[in-house]
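The residues making up each chain are set out below.
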Amino acid sequence: MNNNENAGSHLAAIRRAVGDVLGKPAECYGTADGLDQTDGWDSLAQMTILLAVEKNLGIEFTADELLEVRSIQAMLNAVSLRTDDIPPGNEAQ
Amino acid sequence: MILIASTMNQPAVPLIIGDCHTMVFRQAKTLPCQVAHVGPITADAFCRRQSPMRRLLDQLILQAGGVAKRTVVLSISEIDIRSHFWRDIPILLARGMSLPQFVQRRVEGYLSEVRKFIEETGASRVVLWGPPASLLGQAPHNDEFPTVGSNRTRNLLTHVFNHCLATAVAPGKGDQIGFASMFYDMIYDDFTSNSSWIPDAIHIPDDRVTDCCERLDPAINGTPLSLGLGMSTVPELAVEITVTPYERPHRDSPREFFKNWLLTESTAESITITGQAFTFVSDASVANDAFGAMSLGLQVRPVSQPASPP
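Top to bottom, those sequences are chains A and B. Sequential numbering from 1 applies to the first sequence in our numbering. Sequential numbering from 1 applies to the second sequence in our numbering.
I should point out that these hints are in silico values taken from the structure, not numbers from a laboratory. Quick caveat: nothing in here was measured; it's all calculated off a predicted structure. The beta carbon of each residue, even a glycine, is placed where N, CA and C say it ideally should be. One should not assume that every hint holds.
As the list claims (entries may be wrong) - Computed list of chain B residues with no C-beta within reach of chain A, every gap over 10 Å:
id : residue
1  : 44
2  : 52
3  : 60
4  : 92
5  : 188
What the hints assert, rightly or not - The list that follows gives simulated cross-link-like pairs (lysine to any residue, SDA-like), each with its CA atoms no further than 25 Å apart:
id : chain 1 : residue 1 : chain 2 : residue 2
6  : B       : 116       : B       : 221
7  : A       : 24        : B       : 50
8  : A       : 24        : B       : 69
9  : B       : 173       : B       : 124
10 : A       : 55        : B       : 98
11 : B       : 69        : B       : 30
12 : A       : 55        : A       : 73
13 : B       : 69        : B       : 213
14 : B       : 29        : B       : 39
15 : A       : 24        : B       : 51
16 : B       : 116       : A       : 64
17 : B       : 116       : A       : 36
18 : B       : 69        : B       : 197
19 : A       : 55        : B       : 95
20 : A       : 55        : B       : 96
21 : B       : 69        : B       : 196
22 : B       : 116       : A       : 55
23 : B       : 116       : B       : 58
24 : B       : 116       : A       : 24
25 : B       : 116       : B       : 176
As the list claims (entries may be wrong) - Derived Cβ-Cβ restraints for the label pairs, each shown as a range:
id : chain 1 : residue 1 : chain 2 : residue 2 : range
26 : B       : 228       : A       : 32        : 45 to 53 Å
27 : A       : 58        : B       : 69        : 53 to 61 Å
28 : B       : 221       : A       : 30        : 49 to 57 Å
29 : B       : 196       : A       : 25        : 34 to 42 Å
30 : A       : 27        : B       : 174       : 47 to 55 Å
31 : A       : 58        : B       : 101       : 23 to 31 Å
32 : B       : 100       : A       : 23        : 34 to 42 Å
33 : A       : 74        : B       : 69        : 46 to 54 Å
34 : A       : 32        : B       : 203       : 46 to 54 Å
35 : A       : 28        : B       : 49        : 21 to 29 Å
36 : B       : 167       : A       : 64        : 17 to 25 Å
37 : B       : 228       : A       : 25        : 15 to 23 Å
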């Protein structure tokens, strides 16, 4: 699987985690979704979402990431740091 | 619920705005002020410009006529301590962030936003009205508000928060920020709450309004710390926290995640804390469950006493 495919599968796993926590299909969520931007994604759901993403991806966010990551895009960026993937939305980097 | 009440129809009077702990000042007769109750706003939400509660606070400030050259009293942070801190601390402990580091991080973020608020609104000063003492005994909890931890432990956490905040706004810091609190009037030496201060288990009653005004007034008028009991600072108190596994009965869905997660406390019967120094220790031995989260218990004890077996 190349880097873009990895990034795609990461995005899918993140969307699935968000959907599981917020109670809607994963397809409802995209990289623009995040805390205060998305219905139901409030500060209490925030940590639940991050932990669900960890479970889906088999990773562990650092303490700093848990405090700072607040959107699907930010989660993808954090994951890409571990895998050298180029997350969707960041292709120009 | 949103309420704006003016005890004096003068635009230059301080604006007291925030959570339900603003409401006692509706009865203020000795302290000219304007009161705006935003609702259950957290410090975390205040720091997020796009959060619904921050946007509501900003709207209420506009409705109140703005705060340029006025003092603003912000009553926020109780819910952070009662709910978010308790939820987040064990998770972050397991990732190497200690309790003091976490609280310090939160306080620094909070004060940074307060400084921006002062700059952008033209407020002359912001006074942070500290959270009250906690409910007696275990608080009810649900998956939206997992307010957990015993009375004493939650008060200890409030104290840690107070210490961070007071250190940051101490005399000589040069900020236009003050900190006032009734907290230390509301607790006994062992950090349990004095129920006469919170008869409904949540709010300072209206008949304590004069005490609250007398506590708030110096901070409004430039005193950095107004904490009562002859306190010129918040004494440093290191709290020993050990983490032990805790069996969570069941979990049915991600939203049930925190519902049955209780941070239980096991302490000595006659613990006395005020004036005694304890060494802070954090133990990140935490059991992970299938959601990658922590099921654990907390123990607060003097460092001289051995830990009880889990």
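For each hint, the structure was consulted:
With a least beta-carbon separation of about 5 Å from chain A, residue 44 of chain B fails to lie farther than 10 Å from that chain, contradicting its non-interface assignment. Interface exclusion of residue 52 of chain B from chain A breaks down, the closest Cβ pair being 7 Å apart, not more than 10 Å. Its beta-carbon lying about 18 Å from the closest one in chain A, residue 60 of chain B satisfies the requirement of being farther than 10 Å from that chain. With a cut of 10 Å on Cβ distances, residue 92 of chain B falls inside the contact zone with chain A, its closest approach being about 5 Å.
No beta-carbon of chain A is positioned within 10 Å of the beta-carbon of residue 188 of chain B; the least distance is around 31 Å. Distance check on the hinted pair: residue 116 of chain B and residue 221 of chain B sit about 21 Å apart at the alpha-carbon level, within 25 Å; holds. For the suggested pair residue 24 of chain A and residue 50 of chain B, the alpha carbons sit about 23 Å apart, so the restraint of at most 25 Å is met. At roughly 47 Å between alpha-carbon atoms, residue 24 of chain A and residue 69 of chain B are farther apart than 25 Å, so this suggested pair is violated.
Proximity of residue 173 of chain B to residue 124 of chain B is assessed by CA-CA distance (about 16 Å); at most 25 Å being required, the pair is judged to hold. Annotation: proposed proximity of residue 55 of chain A to residue 98 of chain B holds, straight-line Cα distance about 23 Å (limit 25 Å). The suggested pairing of residue 69 of chain B with residue 30 of chain B holds, with an alpha-carbon distance near 21 Å, which does not exceed 25 Å. With a C-alpha separation of about 18 Å, the suggested pairing of residue 55 of chain A with residue 73 of chain A holds against the 25 Å cut-off.
Taken as a hint, the residue 69 of chain B and residue 213 of chain B pair is honoured in the structure, with Cα atoms around 21 Å apart against an allowance of 25 Å. Distance check on the hinted pair: residue 29 of chain B and residue 39 of chain B sit about 23 Å apart at the alpha-carbon level, within 25 Å; holds. For the proposed pair residue 24 of chain A and residue 51 of chain B, the alpha carbon gap of about 21 Å is at most 25 Å, so the pair holds. For the proposed pair residue 116 of chain B and residue 64 of chain A, the alpha carbon gap of about 22 Å is at most 25 Å, so the pair holds.
The straight-line distance between the Cα atoms of residue 116 of chain B and residue 36 of chain A is roughly 20 Å, inside the 25 Å bound, and the hint therefore holds. Distance check on the hinted pair: residue 69 of chain B and residue 197 of chain B sit about 33 Å apart at the alpha-carbon level, beyond 25 Å; violated. A threshold of 25 Å between alpha carbons decides the hint, and for residue 55 of chain A with residue 95 of chain B the separation of about 15 Å falls inside it, so the pair holds. For a cut-off of 25 Å, the pair hint linking residue 55 of chain A to residue 96 of chain B stands: about 19 Å separates their Cα positions.
The straight-line distance between the Cα atoms of residue 69 of chain B and residue 196 of chain B is roughly 37 Å, outside the 25 Å bound, and the hint therefore fails. A hinted pair counts as satisfied when its Cα atoms are at most 25 Å apart, and residue 116 of chain B with residue 55 of chain A does not qualify at roughly 37 Å. Our distance criterion of 25 Å between C-alpha atoms is met by residue 116 of chain B and residue 58 of chain B, whose separation comes to about 13 Å. For a cut-off of 25 Å, the pair hint linking residue 116 of chain B to residue 24 of chain A is broken: about 37 Å separates their Cα positions.
The straight-line distance between the Cα atoms of residue 116 of chain B and residue 176 of chain B is roughly 11 Å, inside the 25 Å bound, and the hint therefore holds. For the pair residue 228 of chain B and residue 32 of chain A, the beta carbons lie near 48 Å from each other, so the given range of 45 to 53 Å is met. Here the CB-CB span from residue 58 of chain A to residue 69 of chain B is close to 55 Å, well matched to the stated 53 to 61 Å. The supplied range of 49 to 57 Å is met by residue 221 of chain B and residue 30 of chain A, whose beta-carbon atoms lie about 51 Å from each other.
For the hinted restraint 34 to 42 Å between residue 196 of chain B and residue 25 of chain A, the CB-CB distance of approximately 52 Å leaves it violated. In this structure the supplied range 47 to 55 Å holds for residue 27 of chain A paired with residue 174 of chain B, their Cβ-Cβ distance being about 52 Å. Taking 23 to 31 Å as the suggested C-beta distance range, the pair residue 58 of chain A and residue 101 of chain B conforms, at roughly 26 Å. The hint said 34 to 42 Å for the Cβ distance between residue 100 of chain B and residue 23 of chain A, and at roughly 36 Å that hint holds.
A C-beta distance of roughly 38 Å is found between residue 74 of chain A and residue 69 of chain B, which places it outside the suggested range of 46 to 54 Å. Between residue 32 of chain A and residue 203 of chain B, the C-beta spacing of about 40 Å breaks the proposed range 46 to 54 Å. One distance hint, 21 to 29 Å for the beta-carbon pair residue 28 of chain A and residue 49 of chain B, holds here, with the actual separation near 25 Å. At roughly 22 Å, the beta carbons of residue 167 of chain B and residue 64 of chain A sit within the given window of 17 to 25 Å.
Distance hint check for residue 228 of chain B and residue 25 of chain A: the Cβ-Cβ separation is about 54 Å, which falls outside the suggested range of 15 to 23 Å.
Consistency note: the structure conflicts with the earlier hints numbered 1, 2, 4, 8, 18, 21, 22, 24, 29, 33, 34, 37.
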